[in-house]
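Line by line, the protein sequences give chains A and B.
Per the working numbering, the first sequence starts with residue 7, numbered consecutively.
Per the working numbering, the second sequence starts with residue 201, numbered consecutively.
What the hints contain is simulated information worked out from the structure, not anything from laboratory work.
A hint or two may mislead.
To be verified - With the C-beta cut set under 8 Å, the calculated list includes, among others, these residues of chain B facing chain A: (1) Met-201; (2) Leu-202; (3) Asn-208; (4) Thr-210; (5) Leu-214; (6) Ala-490; (7) Val-491; (8) Gly-492; (9) Ala-493; (10) Arg-495; (11) Pro-579.
Claimed, not checked - Pairs of lysine-lysine, DSS-like flavour, derived with a Cα cap of 25 Å: (12) A:Lys-127 with B:Lys-286; (13) B:Lys-207 with A:Lys-124; (14) B:Lys-207 with A:Lys-123.
Computed from a prediction, not measured in an experiment: that's the story for all the values here.
The beta-carbon is built from N, C-alpha and C at its ideal position, and this holds for glycine as well.
Listed here are the chains, written in short residue letters.
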Amino acid sequence: MADSILVSAQGLTKVYNRGTEEVRALDGVTFDLQRGEFTAVVGVSGAGKTTLLHLLGCMDTPTSGELLIDGQSTRGLSDSALTRMRREQVGFVFQHFGLLPTLTVMENLTLPTLFSKKEAKAYANELLERVGLTHRRNHLPNQLSGGEMQRVAIARALINRPQVLLADEPTGNLDSANGEAILQLFHQLHRDGLTIIVVTHNPILANATQRQLVLHDGRLVP
Amino acid sequence: MLILALKNLTRRRLRTALTLFGIAISVGVLACLLAFGKGYEAGLGRELNNMGIQMMLVPLGCPYDAAARVLKGKTLDVSLPAESVKTVRREVGVEIAAPMLMATLPRPSEGRTDLWVGVEESIRPLKPWWKMKEGSRWFPDENSVILGAEAANVELRQVGDTFFSPETGRKFTVCGVLERSGTSDDSQFFVPLATAQAMFRQPDRITAVAIRLKDPTLIGDVSKRLQEVRGAQVVTMAEMMGTFLNLIGSVRTLVLAIAIVALCISGLSVFNTMLSAVLERTRELGVLRAVGASRSQVFSLLTVEAVLLTTLGSAIGVILALLFGHFVELIVRFFVQIAPSEAFLILSREVIQDCFMVGIVVGLGAGLYPAWQASRLQPVDAIRAD
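Starting from the given sequences, assemble the full structure and let the hints guide the process.
Listed below in structure tokens is the structure:
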């Protein structure tokens, strides 16, 4: 069932150089993710979770090993090819939301379409309705609560209809009520068939996923 | 992209406003300078041509200063013998030779100084802008006076009135009043040449001779021959215009250099603003890259911001030049000895286009490096920068 594998990591290694010191953030990580799977990446701080997410989000390239997304290897891809992957295959949700403060909710939501040059006004309205923020479309981020900002960030990540949604600590800056709302939203998206990978410290969110990848010192714990 | 760039510029309003102000001032100065250069040359040429004077005989000294003072209605400290006008008239190429004696008459009781000009009727063809008010006529006797429009206003006199001049002990009859012409003639008192010579105790002296030639192509030969007149020198209007344009040209070069320095400083200010924006917005630029912006799109965004900033600044500069250009014109008139009487600071479409072009070039020049820096950011490094 090779077709059902959306993400395949083979011996992913990422090494950073901090002065003379070599930091091995990821060390030979290998796993496959099925299409439509809801996965949590867990582990203590510094285990390599965010590094893994950045590699999956095509925002960085591995030092060695291979990553395939929808059958396409990211190894040796040019910057513009990686940009195209980020634009078309991946939706990314940041822990700190990553909303542009000068843009309204609607403008933030449609920001990726500015670069992909896709017309997505109708879909943007649909997404806004889905995350329950239609009434906030003309508000600026500083007029929203943390939970609302995170919902806008999730909607923005979905605007280009990605294959996989990546979320870095999506409930990290939220209270439990808002965290619960985000969890429900992820469940809904998962039920619709979206592949979701979340990096989290939140055990409730981690336990709600189908599968957990546990990282420790850059290695995957079996 | 344009809206995104515009919104980014409104983020630090004070910084953006200061940068805009710097560009606006530089572009405004540049606009005035370009408009002034073209308008001054055209206006001065038109005015000198309209006078119908091709040359002027003036006392020895700086000929351009003397000619300019005579043309603008100011007195000279030196004079010519009245005989010299006869020498000029004997010259075959001369059509009209009009002698003038100019003298000031202090009026302490009125708190002003009047300028009296002694003339002969030969001056009339050389003053084509002279229009007499109804009832006016040329001097019927030696105690007649023709008043410029402003002089008549100040004296509260009209044609037919008489008045006594205590300073000279003479009683004058107003035989004519000139219509307002916008020239220095408006404030002058014109009397027969002999009367002026008697009033100011300068018998057989004149200030200058205005000359019109039968054929303007003879100007070189006539000028050469008239240089022989003792105690006098000839200055042609073409030479005078050339000298003044050279003088103005030097001032323009100096001001242009200042404007260029100001533009460079504005460019550095835009550079600083854009570079600060890149540093402050590193994380946001990372987000843009993460959601699918390519390097060239990030580069374009920052370049658009810089060009938008300088284009807006240029627009404000042009508006400032339109609003305050006439003050600059007043200052120029105050400092420049000879200036056209009509408005000469005209912001043409061409000048405005040039200013916008300069603004855009400065914006591009100043924005390229920060834009290139921004486009080189790796998304993951930019996101980590917070």
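Hints, one by one, checked against the model:
no. : hint                     : in the structure
1   : Met-201                  : holds, 7 Å
2   : Leu-202                  : violated, 11 Å
3   : Asn-208                  : holds, 6 Å
4   : Thr-210                  : holds, 7 Å
5   : Leu-214                  : violated, 16 Å
6   : Ala-490                  : holds, 5 Å
7   : Val-491                  : holds, 4 Å
8   : Gly-492                  : holds, 3 Å
9   : Ala-493                  : holds, 5 Å
10  : Arg-495                  : holds, 6 Å
11  : Pro-579                  : holds, 4 Å
12  : A:Lys-127 with B:Lys-286 : violated, 91 Å
13  : B:Lys-207 with A:Lys-124 : holds, 22 Å
14  : B:Lys-207 with A:Lys-123 : holds, 20 Å
Hint compliance for this structure: hints 2, 5 and 12 are broken, all remaining hints hold.
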